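**Student:** Sequence:
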Amino acid sequence: MTNETDETVIPEYTSMTAPIHHALLGKLLLKAGAQVPAGELEQACASSQPEGASLKPFDRVSAILKALQKKSLRVAQMTWDRLDQRHLPVLAFFDGEWRLAIKEDNDGIILTKSDGNSMAASSDDLAEAIVIWIQAQAGEQGTAELLQSSASSLLITEMLKDKRWIVEVFVATVIVNILAVATSLFSMQVYDRVVPTFAYSTLVAMVTGMVIMVSLDWILKYIRSRILDDVAKQVDISLSQRLFEHVMALRLDKRPQSLGSLAAQMNGLETVRNFFSSTIVFAMTDLPFGIMFIAIIWTIGGLVSMVYLVLLPVSLLLGWLAQRKLKELARLEIQRGHERHGLLVDTIQGAETIQSTGSSWRFADLWKGITVSMAGYSLKSKMITSHTTTTTATLGTVAYVAAVVVGVMQIEAGHLTTGGLIACTILGGKVISPIAQSVSLLVQWQHVRESLGMVNRLLAMEACREEGRTLMMPDFISDSLQLEGVRFTYPHTPVVRLQIANLSLNSGDRVVLMGPNGCGKSTLLKVAAGLYKPTEGQVRIGGADLWMLDPQTVNERIGYLPQDVHLFKGTLKSNIALCGGVSDARLIEVCQQLGIDKLAADSPRSMDMEISEGGHGLSGGQRQLVGLSRIFLARPRIWLMDEPSASLDMESENRLLDAIQKNVLPTDILMIATHRPRLMSLATRLIVMRRGQVVADGSPGDVIQSMQSAQSEPTASSAATAV
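Sequence positions in the sequence shown follow our numbering and run 626 to 1348.
It should be emphasised that the hints constitute simulated quantities derived from the structure, not laboratory data. It is possible that part of the hints are untrue.
What the hints assert, rightly or not - Calculated cross-link-like contacts (lysine-lysine; reagent style DSBU-like; alpha-carbon spacing at most 30 Å): (1) K1223 x K1194; (2) K652 x K1287; (3) K858 x K1007; (4) K728 x K652; (5) K846 x K738; (6) K1287 x K1223; (7) K652 x K788; (8) K846 x K691; (9) K846 x K858; (10) K788 x K846; (11) K952 x K691; (12) K846 x K786; (13) K788 x K728; (14) K786 x K738; (15) K788 x K738; (16) K858 x K1194; (17) K1198 x K728; (18) K652 x K1194; (19) K950 x K993; (20) K728 x K691; (21) K1007 x K993; (22) K728 x K738; (23) K1158 x K728; (24) K1198 x K652; (25) K993 x K952; (26) K1005 x K993; (27) K738 x K691; (28) K1287 x K1198; (29) K1223 x K738; (30) K1198 x K738; (31) K1005 x K950; (32) K1198 x K1223; (33) K786 x K728; (34) K1223 x K1158; (35) K1005 x K952.
Note that the coordinates shown come from a computational prediction; the quantities given were computed from them, not determined experimentally.
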């Protein structure tokens, strides 16, 4: 959690002991994209702001967020007169209590109390009121930390964050291994003392002790297993969340071409986590005690211990040789596995095209080729692994036989008893176990190494904002958009897709982008929206570099409608109100303006109608209406729309035109890329593009006239030549 204060923003503190009600804070957190269960939030509020405590509001909310472990949220405190009201809702201290300032309407600022009652207040009344604003960060700090670390260091750091579990596991393992020694000593005492004299009273006492120790051994092993499972669970939750946030923050123009392979790379985290968790426990407990057991065998049986001293390096050498052979096989197997995952995702997404073109045979052949090669690599890996583990097990049996033979010689020499030999063989089994485990870890290492490399490459992918930069969150930004010396190329191709020397859009501009397919209209909109970072040049909002602004600030200022609207699994309402924090009244208003209410009326569940992944089952026009509703609900100051009416019928297009007139403020900037002539009625400025460059820019009448003149000149020249 980032808490930042600024003396120019934070007002002088005055005592405010009124608690912040959890219901109000919950709504504010929901707006920031953090949904917290009411009970958990209430408990955090109660523990972080005790009744009567004199804490600054900023510190109170910070303490609550800390208790909730919401590290990606940022808290800001200021007076109402310094607040950009586009950041509503906020918490406002007014008339002796905290209220939620939701929005501004004709009656003034709507303030909601914790009991749900609302009132209106003017901006003048609220001018000196303290307000608290919570904002979700895009995870740049977490991304920077990820970029600076490898997957292994992050994993180990996360596992060692709470070292208490290490102590608990260590203590449990020590006791378990001591009990293992006691088991071997029990056998030795039975053979040496009980059997010769048949001392049953001694046997009963020893068995009673062993029952207690065996029960304790079971309990300790169960507790140790639970501790390790809990640690693995917490590490999985924490690291997978951080990796997911990193993937969400990746630059869209830098993502790999195969999204299926990108998704598969995250699966390597579990392999790495399982290996490191078992390795840490092994290195900390099993291996040291295995060596200790050899020392105990030396104490009891003398030369018998030499058998296991020879077994240890031989087995480790065997494992090392096996992992060297597995190196290339593991790389190829994982690489082909990611290719297969990418092919699966690609074919599922394009199933309609595959079936309609009858090309399933082509993809079936690709699948078979990948699967056959994977099976070949897997078979070779399994053969090497099986050979290694079988040989290790055989060496363990040979070691047992050798220990018995050496033990017999020691008994003959009078250096060992029969019970001592039994104890040595039991302890020898405890030595063989960590040796076999060490060989197994060596064999696994190459697969883990490749998975580790995949995760590291994922972490190395460039995020939207450069690491270490301090992002700006200005209270006010003027309504202007400039592209200066902008040049854009995709990483996988040298072709220049966009080249803009200078393009300025000012408050009130209504711009229509036109040009042939592939001329760069969509790329221009994505660069202007901050989705693609220019290879060269700058994009500025109100004079500020867009890439130096906090992403949340950019999202609040710029609204972007993509050409292909994506819907997510959920309900119609959740897909429309994707950003959250939208009142039902505003939602209904926008749905009625665009005609989405008719779509909802066709379903018995109305706005709760189920939407499948990708919006399958809805027409292209219906999906486009949902996308339009998102940008209208966001109410940005800069509207960027890519073919907003491409899939709409005439009635829906008329609704769209009316909705734009009602929702786009006179001071807002509107830029639309389209091939539909009807949207030209909105334009005060027409920009024509060709091959990534602006070839005409001006009022629609002037641009059209100049283009017609340019087309007529070659015709006239050709006619004169013919005469």
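**Student:** What's the verdict on K786 and K728, does the C-alpha distance respect the 30 Å limit or exceed it?
**Tutor:** violated (43 Å)
**Student:** Taking 30 Å as the top limit, are the C-alpha atoms of K1005 and K993 close enough?
**Tutor:** holds (18 Å)
**Student:** Do the alpha carbons of K1158 and K728 lie within 30 Å of each other, as the hint requires?
**Tutor:** With Cα atoms ~33 Å apart, K1158 and K728 exceed 30 Å; violated.
**Student:** Is the straight-line distance between the alpha-carbon of K728 and that of K738 30 Å or less?
**Tutor:** holds (14 Å)
**Student:** Hinted pair, alpha-carbon criterion (30 Å max): K788, K738. Please report holds or violated.
**Tutor:** Roughly 44 Å separates the two Cα atoms, so the pair is violated.
**Student:** Are the Cα positions of K788 and K846 separated by 30 Å at most?
**Tutor:** Roughly 19 Å separates the two Cα atoms, so the pair holds.
**Student:** Assess, step by step, whether the Cα of K652 is no farther than 30 Å from the Cα of K1194, and give holds or violated.
**Tutor:** holds (23 Å)
**Student:** Does the structure keep K858 and K1194 at a Cα separation of 30 Å or less?
**Tutor:** holds (26 Å)
**Student:** Assess, step by step, whether the Cα of K652 is no farther than 30 Å from the Cα of K1287, and give holds or violated.
**Tutor:** It holds: about 28 Å lies between the C-alpha atoms, which stays within 30 Å.
**Student:** Does the alpha-carbon distance linking K1223 and K1158 stay inside the 30 Å limit?
**Tutor:** The hint is violated at about 39 Å.
**Student:** Just to be careful, I want the Cα atoms of K728 and K652 compared with a cutoff of 30 Å; is the pair within it?
**Tutor:** Roughly 13 Å between the alpha carbons, so the hint for K728 and K652 holds.
**Student:** Keeping to a limit of 30 Å between CA atoms, is the pair of K738 and K691 held or broken?
**Tutor:** holds (24 Å)
Hint violations for this structure: numbers 5, 7, 8, 11, 13, 14, 15, 23, 29, 33, 34, all remaining hints satisfied.
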